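Could you build the full structure based on these sequences and the hints that come with them?
4 protein chains.
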Amino acid sequence: MTKGLKIAVIGGGSSYTPEIVEGFIRRYDRLPIRELWLVDIEAGRQKLEIVGGLAKRMVAESGLPIEVRLTMDRRAAIEGADFVSTQMRVGLLEARKWDEHLPNGHGVIGQETTGPGGMMKALRTIPVLLDICRDIEELSPNAWLLNFTNPAGMVTEAITRYSKVRSIGLCNAPIGLQKWLSTKYDATPERIYTEFVGLNHLHWVTRVEVDGVNRLPELLDKREEYSGKNVPATEWDHEFLMSLGALPSYYLKYFYMQDAMLEEQLISLAKSGTRAEVVKKVEDELFKLYQDPDLKEKPKQLEQRGGAYYSEAAVNLMDSLYNDKRDIQTLNVANGRTLDFLPADACIEVNCVVTGQGPLALPVTRVPEQTKGLIQAVKTYERLAIEAAMTGDRGLALQAMTHHPLVPSVSVAKTLLNEMLEKNKLYLPNFYPSNR
Amino acid sequence: MTKGLKIAVIGGGSSYTPEIVEGFIRRYDRLPIRELWLVDIEAGRQKLEIVGGLAKRMVAESGLPIEVRLTMDRRAAIEGADFVSTQMRVGLLEARKWDEHLPNGHGVIGQETTGPGGMMKALRTIPVLLDICRDIEELSPNAWLLNFTNPAGMVTEAITRYSKVRSIGLCNAPIGLQKWLSTKYDATPERIYTEFVGLNHLHWVTRVEVDGVNRLPELLDKREEYSGKNVPATEWDHEFLMSLGALPSYYLKYFYMQDAMLEEQLISLAKSGTRAEVVKKVEDELFKLYQDPDLKEKPKQLEQRGGAYYSEAAVNLMDSLYNDKRDIQTLNVANGRTLDFLPADACIEVNCVVTGQGPLALPVTRVPEQTKGLIQAVKTYERLAIEAAMTGDRGLALQAMTHHPLVPSVSVAKTLLNEMLEKNKLYLPNFYPSNR
Amino acid sequence: MTKGLKIAVIGGGSSYTPEIVEGFIRRYDRLPIRELWLVDIEAGRQKLEIVGGLAKRMVAESGLPIEVRLTMDRRAAIEGADFVSTQMRVGLLEARKWDEHLPNGHGVIGQETTGPGGMMKALRTIPVLLDICRDIEELSPNAWLLNFTNPAGMVTEAITRYSKVRSIGLCNAPIGLQKWLSTKYDATPERIYTEFVGLNHLHWVTRVEVDGVNRLPELLDKREEYSGKNVPATEWDHEFLMSLGALPSYYLKYFYMQDAMLEEQLISLAKSGTRAEVVKKVEDELFKLYQDPDLKEKPKQLEQRGGAYYSEAAVNLMDSLYNDKRDIQTLNVANGRTLDFLPADACIEVNCVVTGQGPLALPVTRVPEQTKGLIQAVKTYERLAIEAAMTGDRGLALQAMTHHPLVPSVSVAKTLLNEMLEKNKLYLPNFYPSNR
Amino acid sequence: MTKGLKIAVIGGGSSYTPEIVEGFIRRYDRLPIRELWLVDIEAGRQKLEIVGGLAKRMVAESGLPIEVRLTMDRRAAIEGADFVSTQMRVGLLEARKWDEHLPNGHGVIGQETTGPGGMMKALRTIPVLLDICRDIEELSPNAWLLNFTNPAGMVTEAITRYSKVRSIGLCNAPIGLQKWLSTKYDATPERIYTEFVGLNHLHWVTRVEVDGVNRLPELLDKREEYSGKNVPATEWDHEFLMSLGALPSYYLKYFYMQDAMLEEQLISLAKSGTRAEVVKKVEDELFKLYQDPDLKEKPKQLEQRGGAYYSEAAVNLMDSLYNDKRDIQTLNVANGRTLDFLPADACIEVNCVVTGQGPLALPVTRVPEQTKGLIQAVKTYERLAIEAAMTGDRGLALQAMTHHPLVPSVSVAKTLLNEMLEKNKLYLPNFYPSNR
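Heads up: the protein sequence lines correspond to chains S, D, A and W, in order.
Read in order, the letters of the first sequence are residues 566 to 1001 in the numbering used here.
Read in order, the letters of the second sequence are residues 566 to 1001 in the numbering used here.
Read in order, the letters of the third sequence are residues 566 to 1001 in the numbering used here.
Read in order, the letters of the fourth sequence are residues 566 to 1001 in the numbering used here.
Where hints are given, some of them may not hold.
In this list, chains with the same sequence are indistinguishable; a pair is considered to hold if it fits within one copy or across any two.
[What the hints assert, rightly or not] Computed list of lysine to aspartate or glutamate pairs in EDC-like fashion (alpha-carbon distance at most 20 Å, straight line): (1) Lys979 - Asp786; (2) Lys979 - Glu800; (3) Lys890 - Glu755; (4) Lys861 - Glu783; (5) Lys979 - Asp802; (6) Lys988 - Glu659; (7) Lys890 - Asp751; (8) Lys749 - Glu984; (9) Lys729 - Glu952; (10) Lys988 - Asp776.
Since the hints were derived computationally from the structure, they do not count as laboratory data.
Values in this document were obtained by computation on a predicted structure and should not be read as measured data.
Below is the structure:
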């Protein structure tokens, strides 16, 4: 009925864009895209032009009738879109650097998606995303918003609670695990069943079956694990893993091995700067490659960037939504009645059946007692931080920071909060209205 | 119909006993006690005889027809009892000393009712209490068990889940707050309304009304607080308190001011030893007093002991149960559907109407978002520790210790657990079956 | 602090008014009323003047400094009131006559508070009550609204869901049962404990204890029951009652003995007309009595009117709210989490502790499986009818009527609905906007 | 890994058997059956031999290596089975005749799966099914039990609550609706999405989308409906259907058009006897056909029998369980947290994703208020009747009968119960232990 799809990628100047473009080209038979709009802000114009040029060359090479549009006009891109995806970094890598650096200065984990760093990222990002939602509500109310922007769970929850936009949060960790299991057991994804319990960047894998055989005990026993490139490898304690009875997400190392992870961060910081600074260098190199007018495909170096499978996750999800595919994907959606200890509107990371009308969260068949405390503790922080982001209320921000399990006390929270808000003030108009 | 009540006090040799005896004498018109049995174990025979002697002299002085019985035969005491109360210390103050001392050695809060110390106390105590429950089920199935034994919330939950005994957990903190408010506002308790949210030793006071006037804002603003003698006084941060919007229990300082409290503990430890050692001295002096054959009343020095109002709380509760009084008391009971994020069988500290058939938990009218994370995190630890206590499963014990919010990592948990189990092995037959 | 209370009685011209006036006089020591406003509509002016005259003579006789004001100006009465009570009959007894008569014509129970008749009463009444609530929100936002107007459960639910007024629904059936038990067992109310499960006019008494002794089995076995004057006496089946295990409200006879009750109605209708017509005669006689200028007290004949204890229920409730009495009363309030199969905002009839800040619903300790179906079925009807009343949506009205358990089919529902809406059109502006 | 599947069909002598045999033959590529055991009781030996002979000829004709075994030894059939399916009729069609006839005699709907008739069927059937479950628990604890035996919802709930067998209830109504929509819109099932709310034989279809287009409004507007052969065709009222906003199951006519359906039954009874008697004739003719030694395929006449698609439903389910297919099917399973007004262990009819580890109930996205009352009312009856079946408690049976929405009063319930229990006494050992 529709004559091809319109897709808007907000933050289109990102170094990840070639990956998603490649995904669209490969899946064109199921996702007939007519227009692909890459949007960015003025400050990102140069990167948008570079990466947009590559995107155009890739499409031309494919011979497909997809029109690639580059724009700074977000509303034009959103108007009538079928899918909007976001991959933004308010404050750029510079802001991330401070998210990671400042907590370290007070003996606290510095991480871009959780802890005080993640909270700052949430405060910067949520109001911008909600502005985008206002545009979608007006200009493409039936669009699906696929949110990759971190902290993806918090951002998605803010959108769900404060807008009418149909939104789904996405992370590459679940698909990464599936790929890893697929390789490990030499089995197609259809033969593997995994179940997740928890939140974005705070999940436990509670079931792993390959061809119906329970593989969890052996994975725990051998301490084999899938880990992202952005989290340092540290070995789990065997006794702990066996009695936990579930595979913890590699992000959980920040909680379960706080001491070792902090030490690792401090050493690494002294040696090569924050992770943001490392990433900055990788990105600069990528953009140099992208400028090559002879490059007509995604360069292999992109895979080292850390966000592997993001594109595949996005394209899979669009495919299932567009084609009412009813397959199971692990997504960030409203809890509903899935976890009985969280509110219905809390965003969780959970297996969903993706139908044409959206994802339906599957019931979880096993929730280890162990997981409940951390999930609730982090969700409490998240909800307080979302409220703070929406209102600019400093008291709420202090409550959020204090109640994060990685923050040891009110006094540390207060010191960090003051320092970090100040450092981010350009990006926090709700907290600094005079800067608007 | 009954010709007077039979009461069994288990741990009757405690230094607190004169307080409860005084309570019984004062409230005789509403609680017509026929027999008061003080029970203790062989190791406590001497203390039982001393304090039992005082109890007899106090009753004689009152002229009331209460028969005081001293015994080492627990079953005889329990048989046909209307009320059984417990105030025990498995392992005595010596065990408490290590509960406080060992965590400090690893930079962790050492406290007798929470953290690794509280967990050890739970592991030692729960199996003993459940043995007592077996006796009650057999010998006085309609008795009410009033449990003062710490950690009172965990012990009560274990009883509720693993026995059929009708049991209620009691703490002196809520009644202490009421007394403090009563004095402060010069108002009888009937004119004051307070509401509690949380667990034993982990509650927030979310409403304070005196003659219908909301006094919470001014209490928060002036940072006025009620504090027990056993927790060092440290001032709350004003901004934190105002944005919290509730009065935190003084036990919450261990969580919100972990750094300062730990420092205080280390200094105090260096200076005067653990709190257990301080208490030991006070107790020795009390027993010296009790021995005086001319002493026929509760000595004033007992009030400095820390457990103020315990007796009043107990006598109030018995009165309401016996007389179907239907007044409101703050008790430790099964959650039911009170807090929607906890299981029905989780023990919480909450306002109850005390009827002749037992307490009915009142709905809580306000649950600040802030409180949920810590409540769930501590409840997760509690439930894992209860399971560990029941089974002697070391893996579960490691899970419990690791998931306590005051424990920073798996590795610290493991080290502490090994050390502390070893130190307590005489009192942990479930973990060391060969020691049975 | 306040210098006496202001009370507004809406529908002050009711024949019941002398009862509530008597209640205020008797309880003046606890409820220091300064002004008592009796309000009515123009059509009720004559009755208001008659009953108001009696009220003034009663107060004068008492010597108390209560000022009795008669008015047609509802807003003046509401302004600054501490309590507003309503006892209205939109459409007067004439409308009730048809509520009872028309269903009978189609072989359906005709009853003023349930079934098609009750539904019509709800459709007439709810919009008027919500108009009153708008006035209260504006003119006395802290007032308590005590709603006696039937169907009290539905009206209270509509107020709770569609206004911000603090409202409580009241019925005389629970207090009537208590009085009956009190006489039967020669015991003061404090010695009796009863527990109710269900909705207004649809409850089951699931616990009856006198001095702690369970009296429910003997009440069921002897088929002894409390019954209102407005419901014909028909005996319960013994086997049914014993296996039900709870005392059904006498209103439940319309459901459990539909056939016999209908037959009784048809015979009674043929003989003496509807209950409305019987009541009309009683009322006419009462107003003749009230006119006597020498009458200075509530005449005894009022007690035969059927609404016994309404006044006592009202005065008890005001006393507990004003004095933060914290006693247990059976009231109609929002479900919250009390019954796990009903929504939080559904109005139920349940034991509450009445504090100065309002009633807190007590948990129910026993919900017989048997009760759930009827409660949900009637609540479904109620919620559909409330929606219909608010919107004037005829489709919703058909759904409500069809889903009432006393209505046998869609076709009967449709016929009855058309007939009854037409007969009530003067009082249904939402359904007949042109009549406004 | 397994070398072919073993399947046991209990009630294998049923006239439906050729259909399921045909299904197994067609789906052999996905369901590699090694052994197919047809089991029946001694009284059904002749039918088993006839239909078993046909089954053997059908398999021989297919050339597949499936071994067909006929037996009276249930335990041998169950031992080591991968799937057990049940299609039983305790008391045969003779009992069904009285289920339909006796209620009619008292002006009550007579129906084999609901009302007093359905209740009798449940009382006869549940204990027999639980006996089978004891065998499965012992002899093939990992088998899936597919229950087609009516009342399928109640039987499945009884199994779920009182045994450890992994069991799923199946009905042909949902698949029938899907087939009907498929034909009507000329669309493969993958392009159609339907959502069901309710219980077995008491569901509402709340969503119908074809290629993503909502077709529910037009289906309601045109009053187009799918209806089974066993329920007489009667037209829905247009206004009712439009305001209901969902397609009611054709079984709901017994509730919504009680008067018309009863009249139809009485007329039909006078003319041609009960439905049971009609079915008896059809069956006799089928068995005549089956005896023909030249018949090697399912005869077309079987399709008129009423149970269309049962076989397809069964084979689909086995395929998805065996192959971890993860498609959506509408099944009868435990509620879990799907419908918030029913207990977790209540059996509901709901969309499920069928994984290799069993079905996971999908959340329902819309529950019309209208449906809740009837669902709860019928579930209340069901749970009381299940309890009665398990215990033989006559009081519970009276409660169940009285609380069924099709039964007008306690007195009718009591009369019917006495009559019907007496008529069924040979099949009710729990109620008549001396008959055992």
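inquiry  = Could you work out which of the previously given hints the structure breaks and list their numbers from low to high?
reply    = Hints 4, 8, 10 contradicted; others consistent.
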